[in-house]
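Chemist: From just these sequences and the hints, can you work out the full model?
Protein chains: 2
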Amino acid sequence: MAEYVNVAVDAMGGDNAPVEIVKGAIEAVNESDHVKVFLTGQEEQINNELSKYTYNKEQVEVVNATEVIETAEPPVMAIRRKKDSSIVKALYLVKDGVCDAYVSAGSTGATLVGGQVIVGRIKGVERPPLAPLIPTEKGCALLVDCGANVDARPSHLVQFAKMGSVYMESVMGVKNPKVGIVNIGAEEEKGNALVKETFPLLKNCPDINFIGSIEARDIPSGLADVIVCEAFVGNVILKMYEGVGGTLIKKVKEGMMTTLRSKIGALLVKPALKNTLKAFDLEQYGGAPMLGLNGLVVKTHGSSKSVEIKNSVLQCITFTEQNINQKIKEKITMEEN
Amino acid sequence: MAEYVNVAVDAMGGDNAPVEIVKGAIEAVNESDHVKVFLTGQEEQINNELSKYTYNKEQVEVVNATEVIETAEPPVMAIRRKKDSSIVKALYLVKDGVCDAYVSAGSTGATLVGGQVIVGRIKGVERPPLAPLIPTEKGCALLVDCGANVDARPSHLVQFAKMGSVYMESVMGVKNPKVGIVNIGAEEEKGNALVKETFPLLKNCPDINFIGSIEARDIPSGLADVIVCEAFVGNVILKMYEGVGGTLIKKVKEGMMTTLRSKIGALLVKPALKNTLKAFDLEQYGGAPMLGLNGLVVKTHGSSKSVEIKNSVLQCITFTEQNINQKIKEKITMEEN
Numbered sequence: 003m004a005e006y007v008n009v010a011v012d013a014m015g016g017d018n019a020p021v022e023i024v025k026g027a028i029e030a031v032n033e034s035d036h037v038k039v040f041l042t043g044q045e046e047q048i049n050n051e052l053s054k055y056t057y058n059k060e061q062v063e064v065v066n067a068t069e070v071i072e073t074a075e076p077p078v079m080a081i082r083r084k085k086d087s088s089i090v091k092a093l094y095l096v097k098d099g100v101c102d103a104y105v106s107a108g109s110t111g112a113t114l115v116g117g118q119v120i121v122g123r124i125k126g127v128e129r130p131p132l133a134p135l136i137p138t139e140k141g142c143a144l145l146v147d148c149g150a151n152v153d154a155r156p157s158h159l160v161q162f163a164k165m166g167s168v169y170m171e172s173v174m175g176v177k178n179p180k181v182g183i184v185n186i187g188a189e190e191e192k193g194n195a196l197v198k199e200t201f202p203l204l205k206n207c208p209d210i211n212f213i214g215s216i217e218a219r220d221i222p223s224g225l226a227d228v229i230v231c232e233a234f235v236g237n238v239i240l241k242m243y244e245g246v247g248g249t250l251i252k253k254v255k256e257g258m259m260t261t262l263r264s265k266i267g268a269l270l271v272k273p274a275l276k277n278t279l280k281a282f283d284l285e286q287y288g289g290a291p292m293l294g295l296n297g298l299v300v301k302t303h304g305s306s307k308s309v310e311i312k313n314s315v316l317q318c319i320t321f322t323e324q325n326i327n328q329k330i331k332e333k334i335t336m337e338e339n
Numbered sequence: 003m004a005e006y007v008n009v010a011v012d013a014m015g016g017d018n019a020p021v022e023i024v025k026g027a028i029e030a031v032n033e034s035d036h037v038k039v040f041l042t043g044q045e046e047q048i049n050n051e052l053s054k055y056t057y058n059k060e061q062v063e064v065v066n067a068t069e070v071i072e073t074a075e076p077p078v079m080a081i082r083r084k085k086d087s088s089i090v091k092a093l094y095l096v097k098d099g100v101c102d103a104y105v106s107a108g109s110t111g112a113t114l115v116g117g118q119v120i121v122g123r124i125k126g127v128e129r130p131p132l133a134p135l136i137p138t139e140k141g142c143a144l145l146v147d148c149g150a151n152v153d154a155r156p157s158h159l160v161q162f163a164k165m166g167s168v169y170m171e172s173v174m175g176v177k178n179p180k181v182g183i184v185n186i187g188a189e190e191e192k193g194n195a196l197v198k199e200t201f202p203l204l205k206n207c208p209d210i211n212f213i214g215s216i217e218a219r220d221i222p223s224g225l226a227d228v229i230v231c232e233a234f235v236g237n238v239i240l241k242m243y244e245g246v247g248g249t250l251i252k253k254v255k256e257g258m259m260t261t262l263r264s265k266i267g268a269l270l271v272k273p274a275l276k277n278t279l280k281a282f283d284l285e286q287y288g289g290a291p292m293l294g295l296n297g298l299v300v301k302t303h304g305s306s307k308s309v310e311i312k313n314s315v316l317q318c319i320t321f322t323e324q325n326i327n328q329k330i331k332e333k334i335t336m337e338e339n
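If you're matching them up, the sequences are chains Z and P in order.
With our numbering, the residue at position 27 of the first sequence is 29, and numbering never jumps.
With our numbering, the residue at position 288 of the second sequence is 290, and numbering never jumps.
Errors might be hidden in some of the hints.
You can't tell identical chains apart in this list, so a pair holds if it fits in one copy or across any two.
Each computed PhoX-like pair below joins lysine-lysine, with the alpha-carbon atoms no more than 25 Å apart [to be verified]:
{"hint": "1", "residue 1": "Lys280", "residue 2": "Lys265"}
{"hint": "2", "residue 1": "Lys252", "residue 2": "Lys265"}
{"hint": "3", "residue 1": "Lys280", "residue 2": "Lys255"}
{"hint": "4", "residue 1": "Lys255", "residue 2": "Lys265"}
{"hint": "5", "residue 1": "Lys307", "residue 2": "Lys255"}
Hint data in this document are derived by calculation from the structure and do not stem from the laboratory.
This structure is a prediction, so every number in the text was calculated from the model and none was measured.
Modeler: Encoded structure:
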């Protein structure tokens, strides 16, 4: 068993559970013999789904959990009370060392709270951020934090920069990743109180490649590899990607349907366009890791289909094999110098 | 002279000054006989530009100003020292009651500082916000504040909501405009400290149509008419519009150029597409008004061409004729009830 990366998958989380979750887990298992998935949730339903597929039985285990945490439930209460839920059970698999990683499309709040309370923080990490990959013209960038810690302090942002750098370098293979702090102007004296306090700390940080302030308009063009901001701003950035992207693509489609001439044109451009726009689809990157925990906790979109679950599970292999948490531990401790 | 709305136009501000600024001012004058423009800046250069056009001489006046405030200059210092600059002179025209409104494509900082220091706030207004119109699927929405007041307090946001409502109702003709506060979730208990404190104040505000929290992803779809947020977040929203929009349109164009088939299609869809996307162009709406000043101060994009200057000048007519400042005064005073 030691040869596998063990991933606990919340089979009951998200809009398409358990069908798409189980499907994605099996797709991951069928794509890599380095991984074993532990599906937590209502045994009967999971086994029912599993019976549809062919796979190596050694790579899949079902862990029964009778309860489900709903998205709307207050997360702290849910984690405390629903001990037999698919989320809590999956998180304990990581805490107890049975699994290396956790993947859920369920309640973000419960995953964030449970990650901290059950899995626990790496020693020295003050606030574990949620860090999704977002598409850019040059590939992708890591957005830290996009929703875990509102009202963050400067020292938190410095740790986000360090952990994000480790992730982009070791998981995504970006050498000496460029770190930028989101600001409302490129000049050093601009910004709100948080950014003004954080800027000199990042500037004096020897173990990151800090390129200074970046304006939000420069994020999609790929100016920085690690985008540091507090959670409220990060969440707005992520949601604006979805909102502006969705509306614009809708407008493009509408525009193409206005005349007979444009309708014919639309048929001709469609295949090429589909390919290019795919590179700009947020969901292709799998889930968002929560950095700085004793284990890997990955949150995927509530609307995740099997492909996103598969990518998230496969992402856990690189993360674990690259020893990311050990590297984060080392980088965070260097802070004391 | 009393029949004109008098608009001071900074002829030296922006990337395309004075050529496009003077051109835009003349276009406004030739479109409306309700407006008179006062062009501030280097007399000789302005007259040189003016000599290119035919227009009613009674509607244009040149006010000589020998200095220019550069975009990179620290604004407080610039306003204090460059008394003979095109920006300071134009602002004094408003302060002294010669003009009703001010339009500049120059330094945002100098306009914001000068607006407060020279033109001055309406009694009772704590912080005048910068409030651009942004495109949505349903038309447009007002984003308050997008850059004037970092580290705002809850009482400021409540005033933003009131002033924004007056603007959308009286200038844009939206009956009972829907006011939303930008948040990281739709539930009332979500948000950072600022939003949590502001939410109940907005909820209990009798003279606005508060619809609660809106997530950034719902802004482009047009869920709210007045979008309330503090300046840092507002600036990120505005810049994400530009950044995601620009990158996506670039990707669409690239996608259309990948194969012979798609190139032919592109030729066919182009005219229809251009029309649809025009409705999503930030610059068509003219400038962003700074609300709550004793007079109207409008900041347009640094890259403004004549059409944006023209639209900004024409926008001043509605603003002035609709007595917006009187309405803002009344709404702000109601706060005490």
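Chemist: Now, for every hint given, state plainly whether the structure supports it.
Modeler: Results for each hint:
no. : hint             : result
1   : Lys280 to Lys265 : both (21 Å within a copy, 19 Å between copies)
2   : Lys252 to Lys265 : both (15 Å within a copy, 21 Å between copies)
3   : Lys280 to Lys255 : both (15 Å within a copy, 14 Å between copies)
4   : Lys255 to Lys265 : both (10 Å within a copy, 17 Å between copies)
5   : Lys307 to Lys255 : within (24 Å within a copy, 29 Å between copies)
Every hint, counting from the list given before, is met by this structure.
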